[in-house]
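Novice: Position chain B relative to chain A; hints supplied.
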Amino acid sequence: MGRKLLLEHINVPGINTLDVYRQNGGYRAVEKALKNLTPDEVVEEVKKSGLRGRGGAGFPTGMKWSFLAKPEGVARYMVCNADESEPGTFKDRYLMTHIPHALIEGMIISSFALGASTSYIYVRGEMMPQIRILERAIAEAKNAGFLGKNILGTGYDLELYVQPGGGAYICGEETALLESLEGKRGNPRIKPPFPAIAGLYGCPTVVNNVESIAAVVPIINDGGEEYAKIGIGRSTGTKLISASGNLVRPGVYEIELGLPVEEFIYSDEWCGGIANGKRLKATVAGGSSVPVLPANLTLKLANGEPRLMSYESLSEGGFATGTMLGSGGFIAFDEDQCIVRNTWNFSRFYHHESCGQCSPCREGTGWMEKVLHRLEYGHGKMSDIDLLVNVAKNIEGNTICPLGDAAAWPVASAIRHFRDEFEWHVNEPAKALKTNYGLANYAEPIAKAEVTTGN
Amino acid sequence: MSDKVKVTIDGITVEVAPGTSILNAARQIGGDIVPPAMCYYSKLEGSGGKCRTCIVKVSKGSEKDPRPMPKLVASCRTTVMDGMEVQNITSPEVIEARSGVVEMLLINHPLDCPVCDQAGECDLQNLGYEHGLQKTRYEFERRTFDRIDIGDKIQLHMNRCILCYRCVFTADQITNKRVHGILNRGDHSEISTYILAAVDNDFSGNVIDVCPVGALTDKTFRFRNRVWFTKPIDAHRDCPTCSGKVTLWYKGDDVLRVTARKDIYGEVEEFICNTCRFDKKKTSDWVIEHPTHISDASVIASNHYETLKPLPVIQNNPQLQQANKVELEKTAKF
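Chains A and B supply the protein sequences, listed in that same order. Sequential numbering from 0 applies to the first sequence in numbering that gives the first Met the number 0. Sequential numbering from 0 applies to the second sequence in numbering that gives the first Met the number 0.
Note that these hints are calculated values from the structure, not bench results. Check each hint, because a few of them may be wrong.
What the hints assert, rightly or not - Listed next, the in silico EDC-like pairs over lysine to aspartate or glutamate satisfying Cα-Cα at most 16 Å (straight line): (1) A:Lys380 x B:Glu138; (2) B:Lys42 x B:Asp171; (3) B:Lys5 x B:Asp64; (4) B:Lys280 x B:Asp252; (5) B:Lys279 x B:Asp217; (6) B:Lys281 x B:Asp233; (7) A:Lys369 x B:Glu138; (8) A:Lys183 x B:Asp171; (9) A:Lys392 x B:Glu95; (10) A:Lys430 x A:Asp335; (11) B:Lys70 x A:Asp404; (12) B:Lys3 x B:Asp81; (13) A:Lys392 x B:Glu92; (14) A:Lys369 x B:Glu140; (15) A:Lys31 x A:Glu43; (16) A:Lys46 x A:Glu225; (17) B:Lys279 x B:Asp201; (18) B:Lys42 x B:Glu266; (19) B:Lys244 x B:Asp278; (20) B:Lys63 x B:Glu84; (21) B:Lys244 x B:Glu269.
Claimed, not checked - Calculated from the model, a selection of chain A residues having no Cβ within reach of chain B, i.e. all distances over 10 Å: (22) Ile9; (23) Asn10; (24) Ile150; (25) Gly152; (26) Gly154; (27) Glu225; (28) Glu253; (29) Glu261; (30) Ser314; (31) Asn344; (32) Asp419; (33) Glu443.
Virtual Cβ for every residue (Gly too), placed ideally from N, Cα, C.
The shape of chain A in the complex, shown without the other chains (with noise of 0.2 Å):
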């Protein structure tokens, strides 16, 4: 059984009350950090910890931190983004729901560390009983004096407020956050400036997932170097991974990086493997917005050494036999599912949350969808494939936001990796209806796979 930092103590009864919550060392990591660290200790801790952002990009979030600005007499912000909208991925409102106060707690250290008083947690919309759960979370940890002023006789304020937002998936994407938390239309912004230097109201704001905030507590308990002794690499520490699809036994998994995918799928300490007895054919490993890749390349790696959960390991060779750990959102098909119906659906999604600010993001998600829908219900053509190529390419790299990015590598990476399958739709379109193109050979060991997979 691997380590659990974050979920240790996920079964304990009202482990989402206050008291509970103590009793199970909670706000430990508060009195050590206000009453023992100066806030460089707290970010220098975060720093040795490797903490990497849990949100999907990865970026070092000890350096994130320390990239803020600090000029005198500006407010500096700390935004928590748990606008957790993308398709595959559920672990933050996992975490909300049932320990808001780990959440809360990363908080409280999080600003402390940045020199922010007011900070904001900005939850998706639809996420309505997350937000009544935060509430009152904040309102038993403000009773408490964990919040508020002079907290616990140390002279630190903070206020921490919940902040609803409309429910668009691009109000993740951080700039964008931040002007839909200022009121505006949930547009990306422009980047540079940063928010690290002009965010929220033009001031210096960190915008962090929930996962990496929550991760900040056991860091500031065990101390950043007992946190990188954890993991494989580059990728230390724990990760929650959202897994679904035909699974035996999808949820929400603690993971020490470094896990093999294999032993991820089929050890019955995690999913089990695949339901109804059948057999692996894809997985996208990171949410939706990240590189789909057949089972025998999520599997082992292009060389035959097996793929690890981690960073590094998931995007081993590059878009052309690997993927990303993004967010964590992993989701297994089994051998009866069709790769094109999938991918029409993941670009459906982008076509309808696109911002419609960019023009090659908002016109060619839209025509992917309308591509990819006309291939699965038989009506495409041949040339259809690469134009699809073609379109995802023309987006990629050239939008605000990596929307455009995310809407572009399921796409092209389906079609990288499945190209027969598409074919099949539009050489058999009525068959294509019915029945679905099945395993082929893409379970097949690596040494053949490559043929196909060259790109």
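Specialist: Relative to the frame of chain A, chain B by itself:
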């Protein structure tokens, strides 16, 4: 440390003030290396970065940090660094990406240029001509909207809009009450007013001038004439609300429309008020200055014999040649 930074664009070095964008540095050089801009408008704060046609490649970040930038960047919103090297038309990657963007801009555009009032002075038309493909690869129904009147002088034809946000910034920045903006999201977002409220203030007509396409048109000019049949003349009047410096567009003896004066990048020099634009359409209202200079590349320049051949009397007379030197050099350029 000098207060100027050096930047090289397509092999041409220029010194500009720190904080200048790559696009504006390129405009200081001028010529073919200036990236096209559909949404950036130097007079409007916060504009730019949206259309992505001005993307360029930064092959060297700066003198201190010579690493190239990983992606193509929007030149209108990227500031120059000392020693930066930029590739625009010399980079095939940029040309390809830009034609991709142009294709994206055109897939939902109705391409109704034959009946569009903007034809002939349309930035998108020029851009499509320079970069676009001959054929579209888009085989689906284009999105359509109903035409709406915003006020009694302006019509909004959303089908043609490329969502550059220029009119939104204009309405926001040069007029004191903002009544129009963007509704909805993604490819069904539209420019609109709040529940069909009329845009009614002294400077609302400027949204017509800033529109790079034919989405916002002047109802006093709609379908009156093709722009290339009209003759632009610079004129001014004493206006209590604006500078009164305008361009009059003549057909015969009639002033068909009045617009603000535009520079070579299609940006207005000074915003004008609605009285000048919509109500003063008689020659007697204006003090005529001179014919407006129109770029020879523009279709409006056809039949404007600006590149004059010296008259026979001048050709034989060195004194007259000297006196007309400026004009003759202009001729020699071609």
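Novice: Taking the hints in turn, state whether each one holds.
Specialist: We went through each hint and held it up to the structure:
For a cut-off of 16 Å, the pair hint linking Lys380 of chain A to Glu138 of chain B stands: about 12 Å separates their Cα positions. At roughly 12 Å between alpha-carbon atoms, Lys42 of chain B and Asp171 of chain B fall within 16 Å of each other, so this suggested pair holds. Note on Lys5 of chain B and Asp64 of chain B: the hinted pairing holds, with a Cα-Cα distance of about 14 Å set against a maximum of 16 Å. At roughly 11 Å between alpha-carbon atoms, Lys280 of chain B and Asp252 of chain B fall within 16 Å of each other, so this suggested pair holds.
A distance of roughly 14 Å separates the Cα atoms of Lys279 of chain B and Asp217 of chain B; the hinted pair therefore holds under the 16 Å criterion. Taking the CA atoms of Lys281 of chain B and Asp233 of chain B, the gap is near 14 Å; set against the 16 Å cutoff, the hint holds. Our distance criterion of 16 Å between C-alpha atoms is met by Lys369 of chain A and Glu138 of chain B, whose separation comes to about 9 Å. Of the supplied pair hints, the one linking Lys183 of chain A and Asp171 of chain B holds, its CA atoms being roughly 14 Å apart against a limit of 16 Å.
As the CA atoms of Lys392 of chain A and Glu95 of chain B are separated by approximately 11 Å, the hinted pair is consistent with the 16 Å bound. Simply put, Lys430 of chain A and Asp335 of chain A have alpha-carbon atoms about 14 Å apart, close enough for the 16 Å limit, and the pair holds. At most 16 Å may separate the alpha-carbon atoms for a hinted pair to count; Lys70 of chain B and Asp404 of chain A meet this at roughly 12 Å. For a cut-off of 16 Å, the pair hint linking Lys3 of chain B to Asp81 of chain B stands: about 8 Å separates their Cα positions.
Taking the CA atoms of Lys392 of chain A and Glu92 of chain B, the gap is near 12 Å; set against the 16 Å cutoff, the hint holds. Restraint check for Lys369 of chain A and Glu140 of chain B: the C-alpha separation of about 10 Å stays at or below 16 Å, so the hint holds. Taking the CA atoms of Lys31 of chain A and Glu43 of chain A, the gap is about 15 Å. The hint holds against a cut of 16 Å. This hinted pair checks out: Lys46 of chain A and Glu225 of chain A have alpha carbons roughly 12 Å apart, not beyond 16 Å.
Using a Cα cut-off of 16 Å, the hinted pair Lys279 of chain B and Asp201 of chain B holds, with the two alpha carbons roughly 14 Å apart. Straight-line distance between C-alpha atoms of Lys42 of chain B and Glu266 of chain B comes to about 8 Å, which keeps the hinted pair within the 16 Å bound. Using a Cα cut-off of 16 Å, the hinted pair Lys244 of chain B and Asp278 of chain B holds, with the two alpha carbons roughly 15 Å apart. At roughly 12 Å between alpha-carbon atoms, Lys63 of chain B and Glu84 of chain B fall within 16 Å of each other, so this suggested pair holds.
As the CA atoms of Lys244 of chain B and Glu269 of chain B are separated by approximately 7 Å, the hinted pair is consistent with the 16 Å bound. With a minimum CB-CB distance of about 36 Å to chain B, Ile9 of chain A clears the 10 Å threshold, and the non-interface call stands. The beta carbon of Asn10 of chain A is kept farther than 10 Å from every beta carbon of chain B, the shortest such distance being approximately 41 Å. Consistency note on Ile150 of chain A: stated as away from chain B, and its beta-carbon is indeed over 10 Å from all of that chain's, at 38 Å minimum.
With a cut of 10 Å on Cβ distances, Gly152 of chain A stays outside the contact zone with chain B, its closest approach being about 45 Å. Under the 10 Å C-beta cut-off, the non-interface status given to Gly154 of chain A relative to chain B holds; the minimum distance is some 40 Å. Even its closest Cβ contact with chain B, about 35 Å, leaves Glu225 of chain A beyond 10 Å, as expected for a residue assigned away from the interface. The Cβ of Glu253 of chain A lies farther than 10 Å from every Cβ of chain B, with a closest approach of about 33 Å, so its non-interface assignment holds.
The Cβ of Glu261 of chain A lies farther than 10 Å from every Cβ of chain B, with a closest approach of about 33 Å, so its non-interface assignment holds. No Cβ of chain B comes within 10 Å of the Cβ of Ser314 of chain A; the nearest lies about 15 Å off, and the non-interface call holds. Its beta-carbon lying about 16 Å from the closest one in chain B, Asn344 of chain A satisfies the requirement of being farther than 10 Å from that chain. Separation of Asp419 of chain A from chain B is adequate, the least Cβ-Cβ distance of about 23 Å exceeding the 10 Å criterion.
Look at Glu443 of chain A: its CB is around 35 Å from the nearest CB on chain B, clear of 10 Å, so calling it non-interface holds up.
In terms of the numbered hints stated before, the structure departs from none.
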